[in-house]
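Guided by the hints, dock chain B onto chain A, whose structure is given.
Protein chains: 2
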Amino acid sequence: MPRTEPARGMRDFLPEDIRRREYVIGVIRRVYERYGFEPLETPAVENLETLMGKYGEEGNQLIFKILKRGEHEASGQADLALRYDLTVPLARVVAQYQSKLPRLFKRYQIQPVWRADRPARGRFREFCQCDVDSLGSTSPVIEAEVCAAVSDALTELGFTDFIIRLNHRQLLTSILNAAGIAESLHGTALVAVDKLDKIGPDGVKGEMRARGVESAAAARLLELFELLTKQRDQTRNVLGDEAGLAAFENVEAIFAHSQGTSAATRLRFDPSLARGLSYYTGAIMEITVPDLAGSLGGGGRYDNLVGMFLGQSVAACGFSLGLERILVVMGERGMFPPNLTTTAADVMMAVFDAADAPHALRVARVLRQCGLRVLVYPDADKIGKQIKYADSLAIPFVAILGGNEIAAGTVTVKNLSAQTQATYDQAAAGGAILEELRQRG
Amino acid sequence: MPRTEPARGMRDFLPEDIRRREYVIGVIRRVYERYGFEPLETPAVENLETLMGKYGEEGNQLIFKILKRGEHEASGQADLALRYDLTVPLARVVAQYQSKLPRLFKRYQIQPVWRADRPARGRFREFCQCDVDSLGSTSPVIEAEVCAAVSDALTELGFTDFIIRLNHRQLLTSILNAAGIAESLHGTALVAVDKLDKIGPDGVKGEMRARGVESAAAARLLELFELLTKQRDQTRNVLGDEAGLAAFENVEAIFAHSQGTSAATRLRFDPSLARGLSYYTGAIMEITVPDLAGSLGGGGRYDNLVGMFLGQSVAACGFSLGLERILVVMGERGMFPPNLTTTAADVMMAVFDAADAPHALRVARVLRQCGLRVLVYPDADKIGKQIKYADSLAIPFVAILGGNEIAAGTVTVKNLSAQTQATYDQAAAGGAILEELRQRG
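For the record, the sequence lines run as chains A and B. Residues 539 to 979, numbered by my numbering, are exactly what the first sequence covers, in order. Residues 539 to 979, numbered by my numbering, are exactly what the second sequence covers, in order.
Same shape as in the complex, but just chain A (with noise of 0.2 Å):
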């Protein structure tokens, strides 16, 4: 027999988890709405030139590669991708249809994205972001809002123990000056800089020598993160160079316009935070829980991916809630609204006789135009063999159609939680249902 399992770090999501799926998505996509974001949807396949080259190297070879079809199947030859992200994708879309976009675009999108990562826990080859970016502006008025919508989903979901941790690529980068280390050092002091919140300083100092970093500039970068993380305005003496004052002011608006927002008091500064895409030019973000190792979600500015489709920079900064690790927290913690395990349907018909069963499909019509949910139990098995598996559903009535119903035109329905029953006219039927189920509430 063949294998059976979805394919490695694929996942079949089963009725249960699509209810739950879908509750998450509501609530972030009613969320972005009331932000003024509109959807969008992009392809699941690019041309494999779209998206080389934009996540770095590490990126490049976490994309998964389709063949190009045909008679160059057989030479291996690829020509198309699955999508990783939803940004490239974004900015491949403003590029091709500028003239009919607004100016000032603000665009949420939904969407599967796949990278043949190693699957673990939360980790998956096929998972789910939820994106927010705004293009067309380079005011933190941008900064604030995707912070504040990621902060109202957040809470209506339930969550009441995130941050959003904020930090500055270009402040990064001068605080990486400060601290004494080369330029040409910069990209893999960050790769151990990535690791603090798991190997801690010292291990973050020993990885930094080990990349060719001095212990006295690692020890230094170390200091100045703990110093800017615990008074962040020591940072305007610590730095010298312009670049670097700029980004810093541009982290203060960030905070100042988000006062009054949902966001106040979940931003955090951390001096420390690289985010990993190699795309991002000025603010980054990233929420985590303190009960999940890596974050529920990321985001910051990328005012030049746009100009690589496009030839021209377009200004834009967006934020990406994980569908995936919202799912697990909020499982694990059992946040779940308890009424989203619904039923398969609210009634099963039944009948006594194979011959009947063209009634029972006429009487299930008459049931659904009232909006009941109805199940039509296809066999003539015992009438108790059928009432069992309705029970086994959870189904809470079923109507019953025997010779002298079908002769009077009535139906018996069968409350099956409360043991009760009752004969009713075919068209009264729909209406004495809804009454009961109204009633259980």
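No lab work stands behind these hints, which were simulated from the structure alone. Treat the hints loosely; a few may be bogus.
[Unchecked claim] The following residues of chain A were derived to be distant from chain B, with all beta-carbon distances above 12 Å:
{"no.": "1", "residue": "PRO540"}
{"no.": "2", "residue": "ASP550"}
{"no.": "3", "residue": "ILE604"}
{"no.": "4", "residue": "ARG621"}
{"no.": "5", "residue": "THR698"}
{"no.": "6", "residue": "THR711"}
{"no.": "7", "residue": "GLU721"}
{"no.": "8", "residue": "GLU764"}
{"no.": "9", "residue": "ALA812"}
{"no.": "10", "residue": "LEU830"}
{"no.": "11", "residue": "PHE874"}
{"no.": "12", "residue": "SER955"}
{"no.": "13", "residue": "THR958"}
[To be verified] Chain B stretches covered by chain A per the calculated footprint, using a threshold of three residues with CB under 8 Å from any CB of chain A:
{"no.": "14", "region": "563-575"}
{"no.": "15", "region": "737-749"}
{"no.": "16", "region": "796-805"}
Please read all numbers here as calculations on a predicted model, not as lab measurements. Ideal Cβ placement from N, Cα and C applies to all residues, glycine included.
Just chain B now, kept in the frame of chain A:
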């Protein structure tokens, strides 16, 4: 500059497109749920071996294949593939989770599939299918229900002129036998028969002769099709074999069971209907409308497909609506409700001075808490330019904060279409705007 259009045969969906897609998907989903179908989703990516050999020779060639990753990439070996339809993944899922699923499993699945087909009008390489399937029963109740479900969905979308053509794989085989066509030629003959709509009876006869079918047999087959289309009950006289007669009785039972459903006036017996996919074993169905070559959807019974994954056969029957075709016809006929073209926001927040932007974000929060969709204009452009921008996006209200308003805790609200304005306490503005929106209808 790199290309910015989507990959060949793929599409980007801008906000207006998405609203139409979501409207149609919403209607279909609600109807499917009313029939007791539960949601299921499977990954976009399947193991290649899961898909190969399930769709016939042409299907194998149209499957998008994904390169094995890592060091194997250079060899051009593929181990994964993009989902080609929703039926084969369903069969895999039923085999995998059999012990967790109810004995009668009714699921709907609305997801994209990918085929490396030659793109044409209404034919894309990424397209969305809306499937319902019932597993676990051979009763004609099942066929009647899937036909009724798709009928209800199309009717709710406003279609009044669709037809569900109904045939049976075994009946078709028996008719070919009765016409004197050798079993070995059935496959090639059906390829010709499949073109009946396009090239007419004489064209089909010509093509059948070219494919090695004797003229007399070809002529007899087309006569039989014509006779049985007009006088369905002649089938019993024409067919001599038991299997064909049983198939005909099954077709009759599907008609009888559909009598009281919304499909009653839609079903037409069409003895020439063949359907391309190789996994069908019983009844086959296809939906057509007069102004579209090709179908809006199709389905049938496939009692052996799950067995290819499970080793024991599971009765199964389903129907698939093609979202893209439905959208094409609805667009051409102007069938979308007018209120689908909503604007990006209800209110735009404007400020006179950049320093006031934090206040704009605070007041935007208050308005959003009333349920309003609010777009904050991010830059301190001249107020006339800001208002013009709101107007260009058809945003009906602009809320303006100047120094006076901020000092007084008020906000000035302009109704752009009525050309009126009023100043409210910031806490009262949301209610006032909602009231004006209600009056506009």
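**Asked** What hint numbers does the structure not satisfy?
**Response** 1, 2, 3, 4, 15
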